[in-house]
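Using the hints provided, position chain B relative to the given structure of chain A.
Chains as they are written, first to last, in numbering that gives the first Met the number 0: chain A, 0 to 240; chain B, 0 to 258.
Just so you know, these hints were derived from the structure itself, not from any lab. Just so it is clear, CB atoms sit at the ideal spot from N, CA and C, and this is done for glycine as well. Accuracy of the hints is not assured; some may be wrong.
[Stated by the list, open to error] A few chain A residues that don't get close to chain B, going by computed Cβ distances all over 10 Å:
{"#": "1", "residue": "HIS7"}
{"#": "2", "residue": "GLY18"}
{"#": "3", "residue": "GLU54"}
{"#": "4", "residue": "GLU72"}
{"#": "5", "residue": "LEU87"}
{"#": "6", "residue": "LYS103"}
{"#": "7", "residue": "VAL104"}
{"#": "8", "residue": "ARG122"}
{"#": "9", "residue": "ILE171"}
[Said to hold, decoys possible] Footprint (simulated), chain B over chain A, 3 or more residues, beta carbon under 8 Å:
{"#": "10", "region": "76 to 85"}
{"#": "11", "region": "146 to 155"}
[Said to hold, decoys possible] Some chain A residues flagged as far from chain B (calculated, every beta-carbon gap over 12 Å):
{"#": "12", "residue": "ALA131"}
{"#": "13", "residue": "ALA134"}
{"#": "14", "residue": "PRO226"}
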Amino acid sequence: MIAAKGVHKWFGTLHVLKGVDLTVEKGDVLVIVGPSGSGKSTLLRCLNLLVIPDEGDILIDGVKVNDPKVRPEWVRQQVGMVFQSFNLFTHLTALENVVIGLRKVKRMPRADAERIALRELERVGLADKAEAYPAQLSGGQQQRVAIARALALNPKAVLFDEPTSALDPESIREVLGVMMKLADEGMTMVVVTHEMGFAKTVADEVLFMADGQILERGTPGELFAHPRTDRARAFVSQVLG
Amino acid sequence: MGIAAGAAVAAILVVLDLGLYGLFDVDYALRILPALSRGLTATLGLVVIVIPLGFLLGFAFGWGRTSHNGVLRWFSTSYVEFFRSMPPIVLIVFTYLITLALLAGNERFDATELAPAVSIVALAAHSGAYQAEIVRAGILSVPESQREAAEAIGMTREQIMYNVTLPQMFRVSLPALGNEFASVIKDTSLLATVSILELTFIGVNLVSTLIQRGGNPDLVFVVWIEIAALYFVLTFAVSRILHTVERRYRVPGLEAPQL
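This is chain B alone, in the form it adopts within the complex:
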């Protein structure tokens, strides 16, 4: 079903292009594919850093927001409110500029290499704020009576967390986490602003080269359609993985009602 829908969307894009701008230039599309594939690999690399790092931050601060410890709760809430309120592009550019400024005149580190790397962490921190709320909602969804039952058989707080709260909140949180993962995959394109050569940046470069060399302006559409298709493939793959995980951990009798 989902795969058919994906193919249909891609087909519509291509048909639109054919209809509006004449024949789809297959030759050009294939010529730029290796460059865009390198971009896709780079984007995938960013995703593999940003999603797990964002998840760790989200988990830590989401848990922190439900803590009995007031200081921890205050700190976690501040984190969420701050990073959620900043546009990710502002976080990325600011982090980049601040790192450059801090490393000015420092001989040991190459600022132009380190600053973009720190900006990746900034994006993860932004995603972490969103994931923290997802984690918090998951924790709140586990009734207090479940924890009380675990206490009553003599489980320790740590055992209750690992064996009762975590597995239950994890199931509740999966759909929302899938949303956030899909969102952050596309947000990695914002890292182009700090010269990280990912999919969007390489696409923009291809367009510039095309225009500079006086190529057919219609080919710009070919580039962007290809970028769109590659983001779709990546996001769709992640969504399928999460879907499989969700099915794997489904609890019989607790499925959502079929309306």
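Isolated chain A (complex conformation):
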């Protein structure tokens, strides 16, 4: 469904991605782990063209999308994204945060947009907070609204960039709960996370990234139990304690 082929990215002289390949099938959950600064976030941003690769292809359903003929706005509608720091629009209520994409991007009438937005908020358990502003919500609630905002556009897949890293333990549980439910419902997901419990339970495949490359890939059982490279071994023993 989504694939990256030989993706390179430079920031100035810094070579952030050094030829990365990945494939996510429909309904699969791909988890990317690795030390900070290894290029995980950049790779994720390449998949919805928030960052344009300097070399290589991004494919959605087999069609190359990092192409002048394809509008990046269209690609971003197909692939939702959830950020580490939520990034809800601070001047809009929870409901309006979900409505705005439907209204402006999908050009839906207000009544329809609000109906869908309410349904999505219900899905993340926040229908009663529809009229609250982000600053009135806890971190976990904000992140669930952010998930609803991504889901409302009915994307083919959702990218999660360390969605629980800025949260307290209680909120982490809330957000992971919503994400596991999504995975159960068959949503295609690419998740950058340090939550190894989540990776073990939900992931179909885990990628280990370091220095802009994918060093290892496998099922969570293989990769966490029997890491083959020294870097992966060191990382796994560190995060799993």
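Frame of chain A, contents of chain B only:
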């Protein structure tokens, strides 16, 4: 609260006058009021031109200074630096003189009518330079992550500008814009130098007439107190309007902390 404070200031001015110069001449004060009211109307007319025009210029050049386009950025920065560095009275007089010189011998336009009008634009350009910096500060106050989130749901650059950046920067900029509006209202008095009959100019004329006719020199204070009171009313009204707008667009949970 604010209204009470305004009344108190006016009262203190009047009491000072009474105490220092004998009885406040109510009769004279009322006699000059129609003339000064015409001046106030003229000043209001100038304000209605200068503030929106200054805002448009400020918005355009403030946005320009944050542009990715180097030429646009350079041009906008030059505009701000030039107009901010000129005393407004110099801009007004220079614009007036240049327009007169350019129109010398031109039959189609009446230079004496057009030159003051162009000077009004000069004042707006000066205010625009200040407002450009206010707008730029507002844009910079919107975190890049807000724009990234908007991009991630597929919004175009124009949609992000109208739906995310503008509404957020506008809220941040309001207090500073209120300052600039209050300032430019009083700066319209500088247009008296190019013979625009606004509030201050009419007041000065009243004083000249008073002195020429050998009237009581104490009455000069009555004139200036009345001018001050009228500027206060105008500035205070604008400040109230902005305050109302600010309250209307307040975001719950994002209010300034009550220290």
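For each hint, the structure was consulted:
No Cβ of chain B approaches the Cβ of HIS7 (chain A) within 10 Å, the least distance being about 22 Å, so the stated non-interface status holds. Interface exclusion of GLY18 (chain A) from chain B stands, the closest Cβ pair being 25 Å apart, more than 10 Å. No Cβ of chain B approaches the Cβ of GLU54 (chain A) within 10 Å, the least distance being about 22 Å, so the stated non-interface status holds. Interface exclusion of GLU72 (chain A) from chain B breaks down, the closest Cβ pair being 5 Å apart, not more than 10 Å.
A cut-off of 10 Å between C-beta atoms contradicts the statement that LEU87 (chain A) is not in contact with chain B; the least separation is 7 Å. With 10 Å as the threshold on Cβ separation, the claim that LYS103 (chain A) sits away from chain B is violated: the shortest Cβ distance comes to roughly 5 Å. The non-interface label for VAL104 (chain A) is inconsistent with chain B: the shortest C-beta to C-beta separation is roughly 4 Å, within 10 Å. Taking the minimum C-beta to C-beta distance to chain B, about 17 Å, the non-interface status of ARG122 (chain A) holds against the 10 Å cut.
For ILE171 (chain A), the requirement that its beta carbon stay farther than 10 Å from each beta carbon of chain B is met, with the minimum near 20 Å. Coverage of the region 76 to 85 of chain A by chain B holds [criterion: at least 3 residues with CB-CB distance below 8 Å; count 5]. By the rule of at least three residues with a Cβ nearer than 8 Å to a Cβ of chain B, the coverage given for the region 146 to 155 of chain A holds, with 3 such residues. Some Cβ of chain B comes within 12 Å of the Cβ of ALA131 (chain A); the nearest lies about 8 Å off, and the non-interface call is violated.
Separation of ALA134 (chain A) from chain B is inadequate, the least Cβ-Cβ distance of about 3 Å not exceeding the 12 Å criterion. The non-interface label for PRO226 (chain A) is consistent with chain B: the shortest C-beta to C-beta separation is roughly 32 Å, beyond 12 Å.
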